[in-house]
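J.: Here is what each chain is made of, one letter per residue.
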Amino acid sequence: QQQVKQSPQSLIVQKGGISIINCAYENTAFDYFPWYQQFPGKGPALLIAIRPDVSEKKEGRFTISFNKSAKQFSLHIMDSQPGDSATYFCAASIGGSTLGRLYFGRGTQLTVWP
Amino acid sequence: ETGVTQSPTHLIKTRGQQVTLRCSSQSGHNTVSWYQQALGQGPQFIFQYYREEENGRGNFPPRFSGLQFPNYSSELNVNALELDDSALYLCASSFKRGGSYNEQFFGPGTRLTVL
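So the sequences go chain by chain: U and F. The working numbering applies: residue 698 is where the first sequence begins, and numbers increase by one. The working numbering applies: residue 272 is where the second sequence begins, and numbers increase by one.
Everything labelled a hint here was simulated from the structure, so no lab data went into it. From a predicted model like this one, the values you see are computed outputs, not experimental measurements. Careful, some of the hints might be misleading.
[Stated by the list, open to error] Taking lysine to any residue and the SDA-like style, the derived pairs with C-alpha atoms no more than 25 Å apart in a straight line are: (1) U/LYS755 / U/GLN806; (2) U/LYS739 / F/THR291; (3) U/LYS768 / U/GLN700; (4) U/LYS702 / F/GLY329; (5) F/LYS367 / U/GLY738; (6) U/LYS702 / F/ALA309; (7) U/LYS768 / F/ASN348; (8) F/LYS284 / U/LEU743; (9) U/LYS768 / U/LEU743; (10) F/LYS367 / U/ASP776; (11) U/LYS739 / F/LEU310; (12) U/LYS739 / F/LEU354; (13) U/LYS765 / F/THR291; (14) U/LYS702 / F/ASN330; (15) U/LYS768 / U/LYS739; (16) U/LYS739 / F/ARG368; (17) U/LYS739 / F/SER357; (18) U/LYS754 / F/LYS367; (19) U/LYS739 / F/VAL290; (20) U/LYS739 / F/HIS300; (21) U/LYS739 / F/LYS284; (22) F/LYS367 / U/VAL751; (23) U/LYS754 / F/GLU374; (24) U/LYS739 / F/VAL385; (25) U/LYS702 / F/HIS300; (26) U/LYS739 / F/GLU346; (27) U/LYS754 / U/SER707; (28) U/LYS768 / F/LYS284; (29) U/LYS702 / F/ASN301; (30) U/LYS765 / F/ILE283; (31) U/LYS739 / F/ASN348; (32) U/LYS702 / F/SER357; (33) U/LYS702 / F/VAL385.
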């Protein structure tokens with residue numbers, strides 16, 4: 698059973714546009730929600746993360762929006778650039794547990810064309 | 272680039288063989304987690320090591336085993352390889368203090384192909 702559901706599977710955006718990737722979860726015990734960026738042949742790189750005590754977090758062109766009541770969170774990439782073309786994964790974990798295991802979505806392949 | 276390193280980069284094995292993958296954690300980190308990433312999928316948690324002991328396991332059979340050493344580096348061993356074991360194996364390190372964790376940082380992975 699997929700603990701974190703991610704959509705869309707693929708996304709094509711024009712340079713300068715906004716890329717939006719959505720995720721949903723069921724386990725209300727999750728309290729840490731990171732986004733990872735992965736380029737071909739590389740490991741996932743932590744992009745930005747949020748905890749459920751805030752509804753939004755912004756770092757440069759990347760913003761996470763979090764809706765605790767709907768159990769949804771999303772990644773917004775403003776002014777998308779060709780260098781942003783990669784696979785993006787949302788994830789969730791119970792950060793205060795004794796495990797810290799990450800549950801990943803299936804990923805979104807983003808293509809930004811010039 | 273994170274400070275997490277993995278070796279080898281690529282590996283080709285045949286069905287039934289055994290394989291050992293290695294990971295060096297980022298400086299200051301005391302916890303290592305291993306994930307399996309099949310082609311086109313998100314990483315799946317295999318297990319985690321803390322203070323040289325397994326600290327939780329995902330839905331993987333016992334033929335997947337691991338070790339953590341006093342310097343916090345780690346090994347993933349897979350016995351009796353099956354075709355479905357072909358994947359990118361990722362190591363992630365983090366710092367655990369008390370019951371809380373900070374962010375996990377991933378290495379570049381080892382691409383395992385089983386023929």
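J.: Hint by hint, say whether it matches the structure.
T.: Here is how each hint holds up against the structure:
For a cut-off of 25 Å, the pair hint linking U/LYS755 to U/GLN806 stands: about 21 Å separates their Cα positions. With a C-alpha separation of about 20 Å, the suggested pair U/LYS739 and F/THR291 falls inside the 25 Å cut-off, and the hint holds. For the hint linking U/LYS768 to U/GLN700, the alpha-carbon distance of about 12 Å falls within 25 Å, and the restraint holds. This hinted pair checks out: U/LYS702 and F/GLY329 have alpha carbons roughly 18 Å apart, not beyond 25 Å.
At most 25 Å may separate the alpha-carbon atoms for a hinted pair to count; F/LYS367 and U/GLY738 exceed this at roughly 28 Å. About 17 Å separates the Cα atoms of U/LYS702 and F/ALA309, which keeps this hinted pair within 25 Å; it holds. Simply put, U/LYS768 and F/ASN348 have alpha-carbon atoms about 37 Å apart, too far for the 25 Å limit, and the pair is violated. Taking the CA atoms of F/LYS284 and U/LEU743, the gap is near 31 Å; set against the 25 Å cutoff, the hint is violated.
Proposed proximity of U/LYS768 and U/LEU743 is supported: the alpha carbons are some 21 Å apart, at most 25 Å. Pair hint F/LYS367 plus U/ASP776 does not hold up; C-alpha atoms about 36 Å apart against a cutoff of 25 Å. Restraint check: the Cα-Cα separation between U/LYS739 and F/LEU310 comes to about 13 Å, which is no more than 25 Å; the hinted pair holds. Taking the CA atoms of U/LYS739 and F/LEU354, the gap is near 22 Å; set against the 25 Å cutoff, the hint holds.
For the hint pairing U/LYS765 with F/THR291, the CA-to-CA distance comes to about 41 Å; that exceeds 25 Å, so the pair is violated. A threshold of 25 Å between alpha carbons decides the hint, and for U/LYS702 with F/ASN330 the separation of about 18 Å falls inside it, so the pair holds. For the proposed pair U/LYS768 and U/LYS739, the alpha carbon gap of about 30 Å is over 25 Å, so the pair is violated. Simply put, U/LYS739 and F/ARG368 have alpha-carbon atoms about 28 Å apart, too far for the 25 Å limit, and the pair is violated.
For the hint pairing U/LYS739 with F/SER357, the CA-to-CA distance comes to about 16 Å; that is within 25 Å, so the pair holds. At roughly 24 Å between alpha-carbon atoms, U/LYS754 and F/LYS367 fall within 25 Å of each other, so this suggested pair holds. Straight-line distance between C-alpha atoms of U/LYS739 and F/VAL290 comes to about 21 Å, which keeps the hinted pair within the 25 Å bound. For the given pair, U/LYS739 sits about 21 Å from F/HIS300 by alpha-carbon distance, which is consistent with the 25 Å threshold.
Restraint check for U/LYS739 and F/LYS284: the C-alpha separation of about 21 Å stays at or below 25 Å, so the hint holds. Distance check on the hinted pair: F/LYS367 and U/VAL751 sit about 23 Å apart at the alpha-carbon level, within 25 Å; holds. For the hint pairing U/LYS754 with F/GLU374, the CA-to-CA distance comes to about 16 Å; that is within 25 Å, so the pair holds. Between U/LYS739 and F/VAL385 the CA atoms are separated by roughly 20 Å; this keeps the pair inside 25 Å, and the hint holds.
Simply put, U/LYS702 and F/HIS300 have alpha-carbon atoms about 30 Å apart, too far for the 25 Å limit, and the pair is violated. Taken as a hint, the U/LYS739 and F/GLU346 pair is honoured in the structure, with Cα atoms around 19 Å apart against an allowance of 25 Å. Only pairs whose Cα atoms come within 25 Å are accepted, and U/LYS754 paired with U/SER707 is accepted, the gap being roughly 24 Å. At roughly 42 Å between alpha-carbon atoms, U/LYS768 and F/LYS284 are farther apart than 25 Å, so this suggested pair is violated.
For the hint linking U/LYS702 to F/ASN301, the alpha-carbon distance of about 30 Å lies beyond 25 Å, and the restraint is violated. At roughly 44 Å between alpha-carbon atoms, U/LYS765 and F/ILE283 are farther apart than 25 Å, so this suggested pair is violated. Distance restraint check for U/LYS739 and F/ASN348: the Cα-Cα separation of roughly 21 Å lies within the 25 Å cut-off, and the hinted pair is therefore satisfied. Restraint check: the Cα-Cα separation between U/LYS702 and F/SER357 comes to about 24 Å, which is no more than 25 Å; the hinted pair holds.
The suggested pairing of U/LYS702 with F/VAL385 is violated, with an alpha-carbon distance near 29 Å, which exceeds 25 Å.
Hints 5, 7, 8, 10, 13, 15, 16, 25, 28, 29, 30 and 33 from the list above are not met by this structure, while the remaining hints are.
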